[in-house]
Amino acid sequence: MSIDDDVALLERVPTLRLLGEASLRMLAIGSEQRDFVRGDVLFNLGEDADAGFVVQRGAFRVEDGAGAEMIAGPGTLIGELALVVPMKRPSSAIALEHSSVIRVARSLFQRVLESDPAAALRLRDEFAIRSSQIASDILMAGSKLNS
Numbered sequence: 003m004s005i006d007d008d009v010a011l012l013e014r015v016p017t018l019r020l021l022g023e024a025s026l027r028m029l030a031i032g033s034e035q036r037d038f039v040r041g042d043v044l045f046n047l048g049e050d051a052d053a054g055f056v057v058q059r060g061a062f063r064v065e066d067g068a069g070a071e072m073i074a075g076p077g078t079l080i081g082e083l084a085l086v087v088p089m090k091r092p093s094s095a096i097a098l099e100h101s102s103v104i105r106v107a108r109s110l111f112q113r114v115l116e117s118d119p120a121a122a123l124r125l126r127d128e129f130a131i132r133s134s135q136i137a138s139d140i141l142m143a144g145s146k147l148n149s
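Per this note's numbering, the very first residue in the sequence shown carries number 3; after that it's consecutive.
Simulated from the structure, these hints should not be mistaken for lab results. Some hints could be false.
Stated by the list, open to error - With beta-carbon atoms standing in for the labels, derived distance ranges:
#, residue 1, residue 2, range
1, M142, E23, 35 to 41 Å
2, P16, R63, 17 to 23 Å
3, P119, D50, 25 to 31 Å
4, D6, A68, 35 to 41 Å
5, D6, V87, 27 to 33 Å
6, E116, N46, 27 to 33 Å
7, S133, S4, 15 to 21 Å
Unchecked claim - Only pairs whose alpha carbons sit at most 16 Å apart, straight line, appear in this in silico EDC-like list of lysine to aspartate or glutamate:
#, residue 1, residue 2
8, K90, D50
9, K90, D52
10, K90, E49
11, K90, E65
12, K90, D66
Just so it is clear, the structure is predicted and the values come from calculations on it, not from any experiment. From the three backbone atoms N, C-alpha and C, an ideal C-beta is built for every residue, glycine too.
With the sequences and hints as input, model every part of the structure.
The structure is reproduced here in structure tokens:
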């Protein structure tokens, strides 16, 4: 895939779209592509998380320690929080078929945000909105359980 193809893919990811084309181009240029065959492990639960991954093609099963799982296909960002904070992986991801990802290192992501303060503010605002929505959802679920 070309840099333009990678930028187009990154633009499909709602969180990354907030960064704007210039920042996405920097991410595309600085990131690396990785290929996987069926059964290959992208990452394991509990590993240090230093990057996020955007699925280019194929699919990955992402499963947490409690057995909840989702299928991540093209245009999906796996490991979003790892882009902004050091953490352990809360899940494992395994290729379901021949697949490829764009690996975005946290260090690269942070350099891009530092070079574009307006993009960093848009991203911060998005995370604040999501956090507020999650808190509201938890309160609603709690009130239903207590009824």
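Each hint, compared with the structure:
| no. | hint | verdict |
| --- | --- | --- |
| 1 | M142 / E23: 35 to 41 Å | 37 Å, holds |
| 2 | P16 / R63: 17 to 23 Å | 21 Å, holds |
| 3 | P119 / D50: 25 to 31 Å | 28 Å, holds |
| 4 | D6 / A68: 35 to 41 Å | 40 Å, holds |
| 5 | D6 / V87: 27 to 33 Å | 30 Å, holds |
| 6 | E116 / N46: 27 to 33 Å | 30 Å, holds |
| 7 | S133 / S4: 15 to 21 Å | 36 Å, violated |
| 8 | K90 / D50 | 5 Å, holds |
| 9 | K90 / D52 | 9 Å, holds |
| 10 | K90 / E49 | 5 Å, holds |
| 11 | K90 / E65 | 14 Å, holds |
| 12 | K90 / D66 | 12 Å, holds |
Violation of the numbered hints given earlier is confined to hint 7; every other hint is satisfied by the structure.
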